[in-house]
Amino acid sequence: MSEKLLLLGDEALALGALHSGISGVYAYPGTPSTEITEYIQSQKGYKGRGVARTYGEPPVHCNWSANEKTAMEEALGASYAGKRALVCMKHVGMNVCADPFMGSAMTGANGGLVIAPCDDPSMHSSQNEQDSRFYAQFAMVPCFEPSSQQEAYEMMSGAYDFSEKYNIPVVFRMVTRLSHSRAVVQPHEARRQNELHYPAADKARQWVTLPVNARVRNAQLVKDYLTFEEEAAKSPYNVFTDGPDKSVGIIACGLGYNYLMENFKDGCPFPVLKISQYPFPRKLALKLAEQCRTILVIEEGQPLVETALCGVFPSGITVKGRLDGTLPRTGELDPDCVRKALGLPERQGHEACKIVVPRPPALCQGCGHRDFYAALNKALEGFDGARVFGDIGCYTLGYMPPFKSLHTCVEMGGSITMAVGASLSGGYPMVAVIGDSTFTHSGMTGLLDAVNENADVTICISDNETTAMTGGQDSAGTGKIERICEALGVAPEHIRTIVPLPKNAAEMEQAIREEVEYHGVSVIVSRRECIQTAKRHAAAKAKEAKTQQL
Amino acid sequence: MKEDLILAGVGGQGILSIATIIGKAALGQGLYLKQAEVHGMSQRGGDVQSHLRLSDKPIDSDLIPHGQCDLIVSLEPMEALRYLPWLSKDGWIITNTNPFVNIPDYPGMEEVKKALAATGNVVAFDADGIAKGMQSPRSANMVLLGATAAKLGILKPELLREGIRSIFARKGEAVVEVNLKAFDAGLKEAGYE
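Residue numbers (this note's numbering), protein chains in the order written: chain P, 1 to 550; chain D, 1 to 193.
What you were told as hints is all true, and nothing was included just to trick you.
Okay, derived cross-link-like pairs now, DSBU-like style, lysine-lysine, Cα gap no bigger than 35 Å in a straight line:
#1 P:Lys246 <-> D:Lys2
#2 D:Lys156 <-> P:Lys44
#3 P:Lys246 <-> P:Lys340
#4 D:Lys24 <-> P:Lys4
#5 P:Lys283 <-> P:Lys203
#6 P:Lys223 <-> P:Lys234
#7 P:Lys541 <-> D:Lys24
#8 D:Lys188 <-> P:Lys354
#9 D:Lys181 <-> P:Lys535
#10 D:Lys171 <-> P:Lys546
#11 P:Lys274 <-> D:Lys57
Here are some of the chain D residues that sit facing chain P, going by a computed Cβ distance under 8 Å:
#12 Gly11
#13 Gln35
#14 Asp60
#15 Pro65
#16 Met78
#17 Arg82
#18 Glu111
#19 Val112
#20 Thr119
Listing some non-contacts, in silico: residues in chain D with all C-beta distances to chain P over 12 Å:
#21 Lys132
#22 Pro137
#23 Pro157
#24 Glu158
#25 Leu159
Calculated from the structure, these hints are not laboratory results.
Even glycine gets a Cβ: it sits at the ideal position worked out from N, Cα and C.
Starting from the given sequences, assemble the full structure and let the hints guide the process.
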């Protein structure tokens with residue numbers, strides 16, 4: 001037996017993938033998914049080119065991709081080549097890679113392909129609560145949803161085996177509370193990587209999704225989806241446990257099961273159907289409804305199972321859950337809201353303390369974004385119609401006091417293109433603020449639009465040379481930002497680089513104002529390394545110097 | 001036996017190091033453990049908390065239910081008060097009294113002290129002051145861990161000392177010693193005999 005490990009849910013998933021013989025992880029950082037890739041990078045041997053593996057195999061690829069779409073496509077290519085691959089991302093990354101993801105259901109998988117989106121109910125660090133199980137259903141692919149760290153580890157090999165058995169990508173749905181919670185995990189033996197092998201002759205056609213092939217494949221996929229449901233009905237991850245009290249039957253999905261059991265230390269008195277594999281097996285729900293006239297659905301995220309039950313049951317069966325208000329319609333579940341749904345008396349702690357005030361996150365003291373926003377605010381004084389379109393990253397905190405600089409923030413890359421659209425609609429001055437990593441993720445194509453339109457916009461790239469919000473991962477454009485802008489067609493004299501430091505305040509303000517007054521596309525690159533990564537780099541350098549002295 | 005802790009503080013203060021050492025000790029004892037952490041945006045100077053559950057039986061929820069928390073351990077006095085609905089009626093608060101003021105509307109310290117005292121079982125002391133007094137300002141969290149050890153039944157102080165030794169071992173014997181000293185100072189502060 002291998003040694004027991006104390007792992008985050010993300011780390012357990014990553015180790016499960018490594019032990020399932022993946023040849024690569026493909027990802028863009030995003031809370032709460034980042035630690036999956038970082039765990040694989042932290043394995044011995046990683047030098048920016050991959051992890052050295054046992055069995056003398058090639059290293060596991062684990063460099064960051066430019067965005068979730070490129071990550072998904074790279075992983076699909078690896079699957080085409082017969083290798084097992086993992087794609088991971090935060091939930092909204094599924095929107096970015098939706099095109100290749102939906103396409104992957106049509107091509108199918110050759111080597112095992114698992115897509116692990118990490119959802120963020122309650123929006124701890126996100127802009128919405130979208131539930132990735134809907135994506136799996138939408139694409140007609142199976143979905144696994146672990147309820148513990150041990151399951152996150154173990155179900156990974158189940159997901160890869162399923163993927164190869166049915167030549168289908170599998171979604172492996174995580175949520176923040178599992179991604180970022182630690183528990184003891186017992187690992188098993190590692191599997192070898194796959195040999196290079198291309199799709200078999202009878203599966204080769206479906207990789208070319210011309211209508212003539214896609215129509216055939218689509219019909220097959222619809223049939224396969226019924227088989228996946230049959231598989232889910234007999235899956236070891238979907239467990240029925242009978243109970244003596246038939247007043248309610250409970251369907252508990254993923255983490256919902258834990259919150260249910262937390263309320264019954266001596267075992268749940270009601271019949272319970274624990275769900276961790278989809279498509280939702282309607283057959284098992286019907287079995288539950290033979291015993292119970294009321295069904296309570298406890299699921300983390302949006303009401304997927306609850307809506308799936310519409311029209312499944314004979315009349316006279318009541319379904320309760322998030323839609324009828326038995327559980328809150330939004331936000332993550334917890335033991336207390338589940339307790340209330342079960343009709344149990346509320347647990348009493350101390351009274352909430354009235355003097356406690358919120359402590360929202362803020363930009364670090366000494367951060368370059370601060371100096372940039374101070375200069376931007378000054379430069380825009382006197383321009384009544386000025387609007388600043390923000391983007392996703394630490395610098396979104398420029399919305400908060402004391403800066404209050406931003407008017408919008410929607411999704412990755414939206415700052416540039418929204419500024420273009422607003423400018424083309426007559427707005428002036430229209431300014432975009434975007435980080436370096438977000439710019440290479442989804443901003444470059446928007447800048448090309450701006451250039452082709454000769455839009456009257458000022459694009460500010462607040463470049464801290466890292467992907468800072470998620471903890472300082474490599475940024476794809478480091479050292480290339482000005483050249484990218486120039487290559488996309490921005491006039492070199494309107495690409496201005498400034499260093500955001502208090503001593504440069506006047507100079508920065510002047511540069512921004514000049515470019516705002518220029519009626520065309522201009523780019524301000526405000527560049528200073530993130531103080532968090534700068535500290536780390538300085539410490540590493542000092543350590544290296546010390547070692548050399550010894 | 002089970003014990004539920006909420007570790008509280010402000011992003012960057014180091015509550016996760018406390019959790020790491022307790023986790024190490026619990027793993028060594030073969031205990032079950034679940035520890036929910038906060039990563040991401042809140043780490044930028046916002047309020048952060050970690051639910052840490054220890055038990056000799058399997059644990060279901062990663063989150064502690066209301067009224068079930070045995071110990072609130074906080075590196076910041078107002079942050080200790082944020083989680084009162086989770087604290088059981090006979091639970092304890094172990095908190096640093098040195099405020100971290102990075103917001104304009106931080107309540108008056110007298111009010112904060114009064115609210116802490118009103119909860120009943122409180123060990124409140126200046127962990128930063130003690131750490132500074134030992135020429136090791138970065139060990140305030142180990143002082144707090146020491147005070148926590150005084151109230152923790154499921155893990156004996158010696159096991160946590162071993163945890164400190166193994167976590168800091170790669171930084172050298174001097175660092176281990178400083179942190180053990182800080183731990184013992186906290187233990188004493190909480191009246192452990």
